[in-house]
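J.: This is what each chain is made of:
There are 2 protein chains.
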Amino acid sequence: MKYPTGVKKSIHKYNSYGNRGMGLENDLSTTNEFYRLNDIAIIYKKPTPITISKVDYPSRLEAVIKEGYFRTPSTTDYNGIYKGKYIDFEAKEVASKTAFPLYNIHDHQIKHLENIYRHGGIGFIIVRFTTLNKTFLLTIECLLNFLNNSKRKSIPLEYFEKNGYIIKDRYNPRVDYLEIINKLYFDGGENEK
Amino acid sequence: MKYPTGVKKSIHKYNSYGNRGMGLENDLSTTNEFYRLNDIAIIYKKPTPITISKVDYPSRLEAVIKEGYFRTPSTTDYNGIYKGKYIDFEAKEVASKTAFPLYNIHDHQIKHLENIYRHGGIGFIIVRFTTLNKTFLLTIECLLNFLNNSKRKSIPLEYFEKNGYIIKDRYNPRVDYLEIINKLYFDGGENEK
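Heads up: the protein sequence lines correspond to chains S and E, in order. So for the first sequence, the numbering used here puts the first residue at 4; every next one is plus one. So for the second sequence, the numbering used here puts the first residue at 4; every next one is plus one.
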């Protein structure tokens with residue numbers, strides 16, 4: 004999301020308690036744009052849901068929101084289509100070097116990904132360990148497997164290393180997660196970009 | 004979208020120049036909820052995109068948006084998955100009794116639906132003629148066909164009647180558009196609800 008100038012301080016504070024992940028978010032934004040421009044996939048980030056409580060109308064054609072609140076998203080942040088398949092995922096950054104705390108993902112988002120999987124779509128999470136500069140893709144199948152077999156409140160890094168897939172850091176596309184999706188769910192050889 | 008109390012006047016003005024279609028929007032909201040609750044499909048409306056220019060932080064855990072603007076959506080309003088297929092559509096209400104003015108749909112939204120179609124998804128528009136109380140589904144294939152063969156700035160009602168599909172007004176689900184999608188793109192007989 005691009006903020007206009009004049010909100011630097013606000014953004015700083017905003018980031019500090021929940022909206023971490025702007026680095027990964029920006030990388031995914033350019034990656035999805037690359038996919039679209041090269042006609043590989045049509046995947047977008049959904050807008051941040053906001054409850055509006057006050058709107059001003061300085062002119063007939065302009066509406067200015069004067070009071071609003073961030074809402075908890077109903078679903079994941081990203082969805083779209085790749086090779087005819089429905090794609091759905093959530094992306095998170097964590098500073099920890101050892102584990103991904105599960106409070107970063109809402110229960111209903113996991114439930115949503117599970118529903119997508121049951122309905123024949125491809126669901127996953129992308130987690131970046133910022134301190135280690137490692138970005139993983141973990142399928143919803145693997146995530147559910149962990150949740151069903153563990154009472155831990157965080158997923159250890161080792162679980163990602165063993166069951167997830169490293170997304171290599173590249174120039175363009177920055178985070179080529181579809182390379183992994185292609186190998187996992189499609190014939191990795193045919194229709195290759 | 005649910006607005007809290009205290010914005011009645013604003014909403015009224017807001018509706019008056021662009022956000023028509025709350026009736027259809029509400030009907031689609033309950034319809035999609037019905038689909039989800041009955042595990043028929045996972046389809047959501049995307050949040051309205053907003054550019055935030057001022058945020059206040061009355062407390063560490065609360066952010067209040069103090070200035071924001073409505074942005075033109077990059078894509079369509081609705082997407083999700085049905086029987087493993089990616090679904091994408093835009094919904095509009097018009098007061099006209101004779102035609103659907105094309106300025107109601109942005110060029111990039113039509114381009115988006117065309118892209119979805121090329122990538123193997125199912126794209127369409129839902130148009131309600133409020134005065135006639137008639138709601139149509141028109142596939143992107145038919146919409147493109149019209150645009151490629153006509154210089155008109157609106158789609159006549161007859162085109163919808165001939166090439167579109169009437170969505171029957173029911174109690175629940177209110178606007179059962181998947182009944183039509185099912186007949187058009189799947190074997191209408193198997194896997195029927």
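Read the hints as simulated data drawn from the structure, not as lab findings. Hints may be right or wrong, so weigh each one.
It does not matter which identical chain is used: a pair holds within one copy or between any two.
PhoX-like, lysine-lysine: derived pairs with alpha carbons at most 20 Å apart [to be verified]:
#	residue 1	residue 2
1	K114	K86
2	K69	K57
3	K137	K86
J.: If a hint holds in the structure, say so; if it doesn't, say that too.
T.: We went through each hint and held it up to the structure:
1. K114 / K86: between (24 Å within a copy, 18 Å between copies)
2. K69 / K57: both (5 Å within a copy, 9 Å between copies)
3. K137 / K86: Neither way: K137 and K86 sit 27 Å apart in one copy and 35 Å across, limit 20 Å.
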